[in-house]
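Participant: Here the protein sequences line up with chains A and B, keeping their order. Start counting the first sequence at 1; every next residue gets the next number (our numbering). Start counting the second sequence at 1001; every next residue gets the next number (our numbering).
Treat the hints with caution; some may be incorrect.
[To be verified] Partner residues aside, some chain B positions facing chain A, computed with beta carbon under 10 Å:
(1) T1074
(2) V1079
(3) P1087
(4) F1093
(5) R1131
Read the hints as simulated data drawn from the structure, not as lab findings. Keep in mind that this is a model prediction, so the values were computed, not measured. From the three backbone atoms N, C-alpha and C, an ideal C-beta is built for every residue, glycine too.
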Amino acid sequence: MAAVWINQLLQGVLLGGLYTMFAIGLSLSAGVMRFVNIAHGDFIVLACFALLILTTSLGLNPVVATLAILPLAFAAGFALQRFLLQRVVGENLLLVVLVTFGLSIIIENGLLQGFGADPEKLSGGWMETATIGLGHGINMGLFQVVTLAAAVALVAALDLLLYRSGIGAKIRAVADDVVAADLIGLSSVRIYAVAMGISFVTIAIAAGFMSIWTDFDPSSGPTRLLIAFEAIVLGGLGSIWGSLVGGIVLGIAQSVGAQFDVAWQMLAGHLVFLLVLVVRPQGLFPKY
Amino acid sequence: MAQEALLAVDGVSVFYDRFRALADIDVAVGGGEIVSIIGANGAGKSTLLKAILGQAGRVEGRIWLAGEDIVGRTTAAIVALGVMLVPEGRRLFPSLTVEENLWLGWDVGRRGEFGFAELWQLFPQLAERKRQKAGSLSGGQQQMVALGRALLANPRLLLCDEISLGLAPIVIDELYALIPRIKERGVGIVVVEQDISRSLAIADRFYCLLEGRVVLAGRPGEVGRETVVQRYFGL
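Just chain B, with the same shape it has in the complex (with noise of 0.2 Å):
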C-alpha cells in the first residue's frame, strides 16, 4: 500500500516540544480520489497538512509521495514535487494584484498542463478583475484565486483547508462543484473540513481524526451517519 497510492502517511506523529499533536497515523491519497479528513477542533487535521508540507513540528514517520520520502524536506521543494495547499482563510497577499497572486502559485509549483489560459476560463470572473489588489475582492472571489493559485502550481496532490469558511452556502456550493472537476484531472484531493455532511458528500474515502488518532475510516456510503457523529465526538 505504502509506496503504490500517491501519497502515503505512514505512521507519522508530529511532536511539538513534549506535546504529541499527531499519534502514529496511517492515511493514503490515491491520484484521481478525493479524500475527506473530519474531526472536531484540535484533532490534528491541520498539523497533519502542516507535516505534508513540511511545516510541522517534530515528524517521526515516513511520508511518501509517489515512492518519494518527504519528511524533513522545505516547503519550496515538497511544492515543486506537486503538493500545494489552499490554505485556511485564503491567505492572499492583499496587497498584490489578482495576478501577481496567481502567478506566485505558477511560480513555485510544477510545469503542467494547466495555465493561465485553462484559469480563466474556469473562473470567468477572476479575469475581469486580475489587475485589481487581492484584498479588494469578496471573500468568495477571494478564496477562488486561493483555490485557483494552487491549480496553477499543476499539483499531484492538492489539500483544501477549510475551504468553506466564511463563504455563503451558493459560493460554497459553487466551489465545490468545481472539487471533482480537478479531480477528473487525476489530482488527488484532501479535504479538510468541518462541514461533515458537505465534506464527506463529495469523498471517496474519508478518515475521521481524535485527538491526533484515527479512529474511524472508511467510505460514506458504508458508514451510517450515527457511527461518524459517534466517533467525532468520541462518543
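Chain A with its partners taken away, still in its complex shape (with noise of 0.2 Å):
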C-alpha cells in the first residue's frame, strides 16, 4: 500500500520538471521583468506545432528538431518585444494583459485553422517506452527523468545567467528602475527584447518535452499558462529557483489527488496554489 503513495509521490516529482519547464520562462517575464504574457502557454503551443512539422515533414529526430529551433525562439522573442510588447511597456498593466491576451487568440485560432482540432504529439521512440525500475512495482519512465533533470538544468543556467553574468545584472537593473537604466545609457529596449529572446528559448525547450510528454491541441495553451503562474507564484515571484520549488508542489498535488480519484488531479493542484496563497501570500520564496 505504502508503495501506491510512494509511487505517486514520485511521479509528482518527475511532473514537476515539466510544470517547471512551463513555469521558468514566465518566471523570467512576469517574475522579474514585470512584463505579464498571457501567452505564454500558447507559445508554448506554437513551438510544439513547430516541433510537429520539422519532425513529421522533415523527418528530423525531436532532439535535434528542438536544438534547431532554439536560435528561431530567441529571434522570435526579441523582435516580438522590440517590434511589438515594447510599444506598451510602462504604459499601464492592462495594455501589457490586453495586447498578450489578443496574441493568444492569435495563435490559438490560428493554429486551429492550420492543424484542425485534434491533439497531435511527437514520437520520442526509445527514449519514452524506456522505464527505470525500483522495485515494489515502482517504476520512473527514463524521459520524464530526464525531464526532470533538464528542469533542475535549466533553472540552474537561468539562475546563473541571471545572477552572474553582465547581461542578467542588466536585465535585474532595468527590472529595479528602467530609467534610471536609460539615463546612464543602459539601452533598456534592446535589454527588454533579450530578456524575452532568453524566456522564447525556455519556452522552445519546455515545448521540447511537453511534445513528448502529451498530447497537445490549439486550445493547450491557457492550461499551461495557468500552471505556470501557479508555479511561479507558488515559489515566489522573482525567483527562479523557486520555480522549480513551485512546479513539484504542484506536481506532486496533482499526482496525489489523482491517487484519490482522477478527477481531482487538477483541482487538487489549484487547491494546494489556494492554501499556499492564504497561509504565506508572498510565495515560499520570495525575492520582492
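Hints given; two lone chains; assemble the complex.
Facilitator: Here you go:
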C-alpha cells in the first residue's frame, strides 16, 4: 500500500519537472521583468506545432528539432518584444495584458485553422518507453527522469545567467528602475528584448519536452499558462529556484490528488495553490 | 568657440509638445573646467542635462561634444562618447550589489585609466561593502556609488544633478571635496545645484537660467552676489 503512495509522490516530483519547464520562462518575463505575458502557454503550444512540422515533414529527430528551433525562438522573442510588446512597456499593466491576450487568441485560432482541433503528439521512440525499475512495482519513465534533470539544469543555468553574468545584471537593473537605466546609457529597449528572447528559448525547450510527454492541441495553451503562473507564484515571484519548487509542489499535489480520484487531479493542484496563497501570499521563496 | 570647447551647447531649444522648456541656449564647458548651472525650480536645469544626454523632447540647435554633433544620438552612444550623469536622487539599482551597480558604469562607458583599483582607493568605504545591496546603504554611501558609477565610465564630461540633495552637510562637504580632484584629471564638470553658494564656491564659471533662458553668465568672483540673486529670481 505504501508503495502506491510513494509511487504517486515520485511521479508527482517528475511531473513537477515538466511544470517547471512551463514556468521558468514566465518566471523571467513576469517575475523578474514584471511583464505579464498572457500568451506564454500559447507560445509553448506554437513551438510544439513547429516541432511537429520539423519532425514529420523533415523527418528530424525531436531532440535535433528542438535544438534547431532554439536560435529561432530567441530571435522571435527578441523581435516580438522589440517591435510589438515594447510599445506597451511602462504603460499601465492592463495594456500589456490586453495585447498578450490578443496574441493568445490569434495563435490559438491560427493553429486551429492550420492544424485542426485533433490532439497531436511527437514520438520520443525508445526514450519514451524506457523505464527505470526501483522494485516494489515502482517504475520511473526514463524520459520523465531526463525531463526533471533538464528542468533542474535549466533553472540552474538561468539563475547563473541572471545573477552571475553581465547581461543578467543589466536585466535586473532594468527591472529595478528602467528610467535610471536609460539615463546611464543602458538601452532598456534592447535589454527587454534580450530578456524576452531568453524567455522564448526556455519556451522552446519546454515545448520539446511537452510535445513528447503529452498530447497537445491548439487550445492547450491556457492550461499551461495557468500551471506556469501557479508555479511561479507558489515559488515566490522573481525567484528562479522558486519556480522549480512551485512546479514540483503542483506536480505532487496533482499526482496525489489523482490517486484519490482521477477527476481530482487538476483540482488538487489548484487547492494547494490557494492554500499556500492564504498561508503565505508572498510565495515560498520571495525575492521581493 | 563652438568647436573648441569640450561641450558646446549651441542655440539649443527643447520642446515638449508646444511647451518650450529651453529657449535658444548657449553653454560651453571646457576640459578640466567646473561649470555651475543655477536657477530656480523649473528654470530648465534638468532639461539641459537631459538634452545633452539625448533624453529630452524635441531638440533644436546643435550640441557639440569634442567637435561632434550629438543631437539625435541615443543615450548609449552619447555615454560611449564620454558623457556620464550622476542622476538626481542617485537612482541606483537597489536590488543589485554595490559592485554590480559600479560595474554597469564601467560597462556602458569609455575605456580609460580610471578603474576599480582607483575607485576603491577613492571610496574605501565602498570597498568594504561591495557585496552589499545598494538599497541597504546610507544616503551618503549611495551618492558615492552613483558618483563612482559615473567615474568608472571614464567620462570626458561629468554631469552632476543635485548631488547634495537630502544629504547631511558633512557628507556634502566630503563629496564636494572630490569634485576638484576629478577636474584635475581634465574632466569637464557640470554641476546643477539648488544650493547657489556651495556650487558657486567650486565653479570656474556659471550660468543662471530663468524660464528656459540664460539670464546671467560669468565667473563667480566677477559677479556680485546681489546680481546673481536678483537674476536667479528674475527681479
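Participant: Please flag the earlier hints that this structure goes against, numbers listed from lowest up.
Facilitator: 5
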